[in-house]
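Residues per chain are reported as follows:
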Amino acid sequence: MNMQAGIKLTAAEAALVDIYNEQLGELPGDGATLLARDTLLSDLKKAGLPTRRVEAWHYTDLKALLRAVPAFVRGADAGRVDPIVPGSAVLSVVNGKAHARVMQEGITVRSYGEALLDGSAATDLVARDGDDVIGRINGSFVRDGLSIDFEDGLVVEGPIEIQSVQNCGQVNTRFPVRFGAGSKATVIERHLAVGEAAALVTSVTDVTLADGAEVTWIIFQSEGEADTHLAQFKAELGADAKLRLYVINGGGKLVRQEIHIGVTGEGADLTLRGINLLGGESHTDVTFTVSHDVPHTTSSEVIRNVVLDRARGVFQGQICVAQDAQKTDAKMSCNTLLLSDDAEFSAKPELEIFADDVQCGHGATVIDIDHTQLFYLMARGIPENRARAMLVNAFVAEIVEELEDETLVEALEGVISDWLEKHA
Amino acid sequence: MLEIKNLHARIAEDGTEIIRGLNLTVRDGEVAAIMGPNGSGKSTLSYILSGREDYEVTEGDILYNGESILELDPAERAAKGIFLAFQYPVEIPGVATMQFLKVAMNEQRKARGEDELSTPDFMRRVKEAANELQISPEMLRRPLNVGFSGGEKKRAEILQMALLEPKLCVLDETDSGLDIDALKIVADGVNALRSPDRSVIVITHYQRLLDYIVPDTVHVLYKGQVIKSGDKTLAHELEANGYADIIEAAA
Chain A
368 MNMQAGIKLT AAEAALVDIY NEQLGELPGD GATLLARDTL LSDLKKAGLP
418 TRRVEAWHYT DLKALLRAVP AFVRGADAGR VDPIVPGSAV LSVVNGKAHA
468 RVMQEGITVR SYGEALLDGS AATDLVARDG DDVIGRINGS FVRDGLSIDF
518 EDGLVVEGPI EIQSVQNCGQ VNTRFPVRFG AGSKATVIER HLAVGEAAAL
568 VTSVTDVTLA DGAEVTWIIF QSEGEADTHL AQFKAELGAD AKLRLYVING
618 GGKLVRQEIH IGVTGEGADL TLRGINLLGG ESHTDVTFTV SHDVPHTTSS
668 EVIRNVVLDR ARGVFQGQIC VAQDAQKTDA KMSCNTLLLS DDAEFSAKPE
718 LEIFADDVQC GHGATVIDID HTQLFYLMAR GIPENRARAM LVNAFVAEIV
768 EELEDETLVE ALEGVISDWL EKHA
Chain B
17 MLEIKNLHAR IAEDGTEIIR GLNLTVRDGE VAAIMGPNGS GKSTLSYILS
67 GREDYEVTEG DILYNGESIL ELDPAERAAK GIFLAFQYPV EIPGVATMQF
117 LKVAMNEQRK ARGEDELSTP DFMRRVKEAA NELQISPEML RRPLNVGFSG
167 GEKKRAEILQ MALLEPKLCV LDETDSGLDI DALKIVADGV NALRSPDRSV
217 IVITHYQRLL DYIVPDTVHV LYKGQVIKSG DKTLAHELEA NGYADIIEAA
267 A
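The listed protein sequences correspond, in order, to chains A and B.
For this note's numbering, add 367 to where a residue sits in the first sequence, where the first one is 1.
For this note's numbering, add 16 to where a residue sits in the second sequence, where the first one is 1.
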């Protein structure tokens with residue numbers, strides 16, 4: 368772990384290396400696990416944090432943006448909060464420490480810390496590619512998480528909330544989840560802060576949908592104003608599997624949420640809906656790739672952004688269609704409501720198509736409040752501020768309503784309007 | 017109720033003058049029909065009454081119950097009891113119809129210093145008014161005006177009017193796009209609201225609507241001015257002979 372001569376590390380890079388060396392003894396796992404960690408950290412050190420010259424990080428110069436790295440705080444206890452949807456089954460993760468517990472029959476929950484200890488998780492601890500900084504940091508430092516398995520044919524009523532709550536320090540978690548063939552479930556993956564102290568959160572979720580599984584997965588991130596949140600959601604979709612993925616960002620100072628989806632089974636369908644509620648001086652990057660590898664698959668992506676103050680947002684969306692993935696139908700759009708002159712949003716849609724019989728499209732718009740709609744609401748006696756707030760809310764609520772499940776829609780509309788009330 | 021004095025107004029963006037010295041008085045409880053050929057300024061007048069900022073008043077005044085409303089924004093005018101039933105009601109995806117109705121009713125109550133409605137009271141009022149207008153609960157669950165047919169949109173406008181209980185109702189071509197059954201429902205809805213302390217301005221191209229909402233006065237608007245006023249027989253005269261004679265006589 369010696370620094371290479373001649374390469375000057377930034378403060379954050381040096382802190383990552385130092386913290387790793389200091390905490391190595393208490394990170395779970397030895398043998399294969401440790402070897403995997405070492406490899407990831409040494410690659411991280413060699414490459415350094417990415418700058419804008421790395422294409423995948425072009426709009427998020429992590430080397431410049433990540434100024435400091437807090438260390439893991441032993442014994443920190445952020446406690447628990449009520450689930451977003453009342454009555455949800457909660458799996459609690461407190462300051463990175465997961466609490467595996469017995470759920471209903473057909474769902475198996477294991478501590479990921481144990482898998483790190485016994486070495487069975489070591490094969491997960493690899494980077495996706497040379498630009499996978501989140502995989503490297505998380506794989507080096509991961510302490511815990513939950514492995515969850517839904518047995519074939521299981522239909523789960525009501526949502527399960529994986530609640531990762533922190534109040535300081537470092538949180539590094541992994542969540543491998545398998546949905547058995549024909550199973551149906553709704554999972555809310557929630558990351559939130561309850562304290563003001565700066566934290567670094569990294570989290571990797573790795574989901575497999577077996578044939579015919581139907582899953583609604585909702586990521587809701589509301590970290591604190593000083594927090595860095597680096598997360599990855601990966602999924603593989605089997606034949607006729609349906610994944611509805613909602614990604615809602617409403618917090619953090621520096622946020623990168625990557626989404627990498629492999630559509631590997633015929634007839635599979637991906638729906639991605641992203642809502643970015645950005646305020647203050649925050650920087651939020653949602654980077655999405657989907658690869659349609661087989662014929663007859665569909666995907667649709669809609670991203671809605673509300674940007675206030677001096678916030679900056681990024682959406683990079685890449686649709687890849689393999690040569691034999693004929694009849695792919697993929698549509699992507701990114702719409703931004705810029706509500707301040709100092710706010711900024713960058714959208715980079717990309718299509719890489721090797722098949723010749725496909726339907727793919729993308730569009731990006733930046734809009735302002737619709738004046739005809741504003742006049743209509745005001746003509747009914749709704750004061751201008753309230754009318755504006757209703758329209759901003761409507762802009763994002765529209766895609767939440769696609770969920771149709773009334774309790775879920777109501778809960779998500781609640782968190783969105785809370786955010787807007789506090790920030791707009 | 018309403019007194020428009022020598023009103024001149026233009027489109028804010030390009031300065032085109034649309035209203036050119038318009039005078040009109042509407043008494044308490046009066047139903048006044050405003051008719052006129054295309055481009056005479058009928059819809060513009062309705063927007064100016066409700067305070068749309070795309071138009072600028074350059075001269076004259078609009079007195080509502082004796083007070084000028086020119087400095088009031090649309091929400092303040094609405095809270096004072098001015099209601100515009102839109103020719104083209106605006107679709108607002110993401111805003112639930114019920115939520116919209118509740119916010120509008122309570123904001124107006126708040127502006128008048130009244131207490132907010134309780135939820136059961138609100139629900140009861142909506143249900144009653146919706147029944148009268150044959151508006152289904154399913155329609156009320158949809159986002160505001162989204163996916164409504166032309167007739168449903170117009171009925172939804174009258175529903176809002178019934179719930180908000182305005183003092184001055186301006187109906188901008190409420191008959192356009194309605195079949196005869198829908199027209200009757202809408203007209204019944206308006207007639208039910210007629211009262212000695214509520215005035216209605218009915219803007220229309222056609223005499224047909226005035227068979228169902230019988231006006232006390234009829235005014236012909238042409239090139240931004242009222243060129244002739246009369247009683248309901250004037251509407252029949254227009255239906256039979258067109259605008260040409262009146263325009264010529266006024267020239």
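Keep in mind the hints are simulated off the structure, nothing from the lab.
Heads up, the beta-carbon is just placed ideally off N, CA and C, and yes, glycines get one too.
Mixed in with the good hints there might be a few duds.
In silico DSS-like pairs for lysine-lysine, Cα to Cα no more than 25 angstroms straight-line [as the list claims (entries may be wrong)]: (1) K239/B - K200/B; (2) K694/A - K601/A; (3) K244/B - K789/A; (4) K183/B - K21/B; (5) K21/B - K244/B; (6) K126/B - K789/A.
Where chain A lies over chain B, by a calculated footprint (3+ residues, C-beta under 8 angstroms) [to be verified]: (7) 76–85; (8) 119–125.
Here is how each hint holds up against the structure:
1. Straight-line distance between C-alpha atoms of K239/B and K200/B comes to about 31 angstroms, which puts the hinted pair past the 25 angstroms bound.
2. Proximity of K694/A to K601/A is assessed by CA-CA distance (about 24 angstroms); at most 25 angstroms being required, the pair is judged to hold.
3. Between K244/B and K789/A the CA atoms are separated by roughly 55 angstroms; this puts the pair beyond 25 angstroms, and the hint is violated.
4. Under the criterion of a C-alpha separation no larger than 25 angstroms, the hint pairing K183/B with K21/B is consistent with the structure, at around 20 angstroms.
5. Distance restraint check for K21/B and K244/B: the Cα-Cα separation of roughly 16 angstroms lies within the 25 angstroms cut-off, and the hinted pair is therefore satisfied.
6. For the hint pairing K126/B with K789/A, the CA-to-CA distance comes to about 22 angstroms; that is within 25 angstroms, so the pair holds.
7. Here's how the segment 76–85 of chain B fares: 0 of its residues keep a CB closer than 8 angstroms to some CB of chain A, so the rule of at least three is not met and the hint is violated.
8. Only residues whose C-beta sits within less than 8 angstroms of a C-beta in chain A count toward coverage, and the segment 119–125 of chain B has 4 of them, enough to reach three; the restraint holds.
When held up to the earlier numbered hints, the structure conflicts with 1, 3, 7 and fits the remainder.
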